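Going by the UniProt record's numbering, the letters in the sequence shown line up with residues 1 to 116, in that order.
Think of the hints as simulated: they come from the structure by calculation, not from any bench. Careful, some of the hints might be misleading.
As the list claims (entries may be wrong) - What follows is a set of in silico ranges between Cβ atoms, one per label pair, in the way DEER data are often shown:
id : residue 1 : residue 2 : range
1  : F51       : K25       : 19 to 25 Å
2  : L100      : P24       : 44 to 50 Å
3  : F44       : D20       : 28 to 34 Å
4  : F94       : P19       : 37 to 43 Å
Values in this document were obtained by computation on a predicted structure and should not be read as measured data. All residues carry an ideal CB built from backbone N, CA and C; glycine is no exception.
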Amino acid sequence: MLRTLVRRAHVHKPGFRFPDRKAPKQSHTPHPHPEAPASVVSSFEHFQKVFSSGPHFHPEKLQSQQATTSGQQQGVDMNGREAAEDIHLLPERFWKTPALAFSPEEMDAVMTGGAN
Numbered sequence: 001m002l003r004t005l006v007r008r009a010h011v012h013k014p015g016f017r018f019p020d021r022k023a024p025k026q027s028h029t030p031h032p033h034p035e036a037p038a039s040v041v042s043s044f045e046h047f048q049k050v051f052s053s054g055p056h057f058h059p060e061k062l063q064s065q066q067a068t069t070s071g072q073q074q075g076v077d078m079n080g081r082e083a084a085e086d087i088h089l090l091p092e093r094f095w096k097t098p099a100l101a102f103s104p105e106e107m108d109a110v111m112t113g114g115a116n
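Put together the whole structure using the sequences plus the hints.
This is how it looks when you write it as structure tokens:
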């Protein structure tokens, strides 16, 4: 009987705790990872501007400030790399790019043979 009284007197404590809603919240300011290379840390502000400006597939927006100020454009060396002859030979993630999406008008033109 003594055990039962002790158990009933003990208040159940859940195993988890909810966060304190009244505690002041810390604002999150974006910053590069502490272990990021120096090149990423130095161009992080430019990255933030490009990221917030909209679509990320414009080559003009992707050029770094250092490349535009020095007048040298950094390009990708395609020597020794194969170019895909057919888009469907690439992985499926490349099939759904905005440049390859057909509008309904384009699909109607294709389906009717171009005769309107």
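Right, here's what the structure says about each hint:
no.	hint	result
1	F51 / K25: 19 to 25 Å	holds, 23 Å
2	L100 / P24: 44 to 50 Å	holds, 48 Å
3	F44 / D20: 28 to 34 Å	holds, 32 Å
4	F94 / P19: 37 to 43 Å	holds, 42 Å
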